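Take a look at the letters that make up each chain.
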Amino acid sequence: MLTGRAWTFGDHVDSDAIIAARYLVHNDSHLWAKHVLEDLRPEFAGQVGFGDFIVAGRNFGCGSAREQAPLALKAAGVGAVIAVSFARLFFRNAFNMGLLIFECPQAARAVHDHDRLDLDPYSGLIRDLDQDNTFQAQPVDPYLARLVSQGGLLRKVARELQDSYKG
Amino acid sequence: MAQTQSQKILAAHCGQDQARPGEIVEAQVDLVMANDVSAPLVIRAFHQAGGLQVFNPQRVVMVADHFTPNKDLAAAQTARQMSEFASQHGLGQRFEGAQAGVAHSLICEQGLALPGELIIGADSRACTYGALGALAVGVGSSDVAAALITGRAWFKVPQSIRVVLTGHLPPWVGAKDLGLEMLRRLGPEGAHYQSLEFHGPLLAGLDLEARQCLASMSVDTGAKAGLFPADQVCAGYLEGRARRPWRALGPDDQAEYSQVLEIDASRLEPLVARPHSPHDVAPASQAGREPVDQVFIGSCTGGLLSDLRVAAGLLAGRRVHPRVRLMVIPATPSILLAALREGLAETLLEAGAILGPPSCGPCAGGHLGVLAAGEVAVSTSNRNFVGRMGHPKSRVYLAGPAVAAASALAGRLAGPEEI
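Which chain is which? The protein sequence lines are A and B, in order. Throughout the first sequence, residue numbering follows our numbering, covering 2 to 168 in sequence. Throughout the second sequence, residue numbering follows our numbering, covering 521 to 939 in sequence.
One or more of the hints may lead you astray.
Listed next, the in silico DSS-like pairs over lysine-lysine satisfying Cα-Cα at most 27 Å (straight line) [what the hints assert, rightly or not]:
1) LYS676(B) to LYS157(A)
2) LYS75(A) to LYS35(A)
3) LYS75(A) to LYS676(B)
4) LYS75(A) to LYS167(A)
5) LYS913(B) to LYS676(B)
6) LYS167(A) to LYS157(A)
Just the calculated beta-carbon pair ranges, DEER-fashion [claimed, not checked]:
7) PRO143(A) to ARG767(B): 48 to 58 Å
8) GLY78(A) to SER786(B): 37 to 47 Å
9) ALA146(A) to ASP537(B): 16 to 26 Å
Hints listed in this document are in silico derivations from the structure and should not be mistaken for laboratory results. Small disclaimer: the values here were computed from a predicted structure and weren't measured. No residue lacks a Cβ here, since even glycine has one placed at the ideal position from N, Cα and C.
Could you build all of it, start to finish, from the sequences and the hints given here?
Dropping the structure here:
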């Protein structure tokens, strides 16, 4: 069970807003964590708690295909992103980088900023503890859940390679 | 269950009879590509994952096309790194030096993407190979790195929109105009997560260059891919070109589509997309007469031989307006050679064009003709976001080669019928 507070955002949060290109020259996810989403909510990076949720509107992660966007969210401690919909390449990159994401238009519309949420990653059930309300997100596909639990795509491939050398 | 072309191709590559929309499948890929923007990230991720060899050296294509010929030290280092990776891993297809050109155009022209195949590329416009009946998808650099090692990638099986092309192309209307009309109708998210599958009587008259343009532009509707059937036109194109045997995979007659979009070409006139959105589409005749500083004829959606022919047809015996820089950059070396042999190059140069080496040119704002603050361009490329082709205060109109050439002559945005 994931537990944390909600941080709400609007539609079309693009990858530049998640982590601005000016920080990409440094290949340092801790630095990105300090600046994540700073152009939209400057207080977010300093106040986000481990396991907190991003709750956003349509087309979250649109714009460039940069993999640093989900990495920056993960490094900041974000437990999962809940949105109406995700940009196609953000969807891929999130699972490849080991970040859980959930499509749930009902929750995305109803949850207020700073509401306390529970999220069961297996069933996709979201509970808003402050509103005493529940929402059903599409459960994560088992293949993608395994990808996240293995630490993302490159770690999965690295482990398979090690196993093949042993075998 | 009757299946679309996209479903059929995914099912065939993951050893299933069927692939249901929404399902996640892990599938064997036939070709993996990267360019000089993505290759450094791909190579780093390849090493991070412990990669020692690629899954099949004949099925990996890396082309330096954005910054070639090397525009600066960083580009030179990247090209060198790609070349060393290609040597170390014995990559079978290398397009360096005089072989360089736009990766997407080269991969189609060289018969490296084939009907029924599943292809991924670390570039959003990898969907261009859908022109040949492949399911080709742009993905992240880690996806490509992982596939270099394993030969596999995961896919969410898409629903498909059936795009039915009817009627006949009026004079001066071409693939770019069909594509812009498609963008106008679908918008930036109209095909979110979905494939576009092209059908209809107009296809018999659309050659593989026109199909590349439309397949490439599919991504700008939010689509995962854009696919054409492997019909007689496609089979004819592949004769003597295909590098491997191939087997067409077409849709079932009863396949279900999320939507049908019909575009009647007969009703179109030359179009433009106004700054700063590929979806802000209007007829060129009603888009104003803004003075133009540069015209670019090139890219994977506007630098093919048919584009040069249309442009040369308008420019023959005329002179480019003195205010305008006309950059013509053929997408591949063989297109440049054909343009020389056909006399197109001479026509273009006599009209006052600058003829550049095969590459992406200024399409992505990297090289060979970027725009200064306040400058206005008409471009046959495919994106006109703020700052895309240079300074954030430059403005770009997207159009087909006829509008581009007419604007170069007029010194302002102009339709071909005005010339």
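Original post:
Going back to the hint list, which numbers does this structure go against?
Top reply: The structure conflicts with hints 4, 5, 7 and 8, although it agrees with all the remaining ones.
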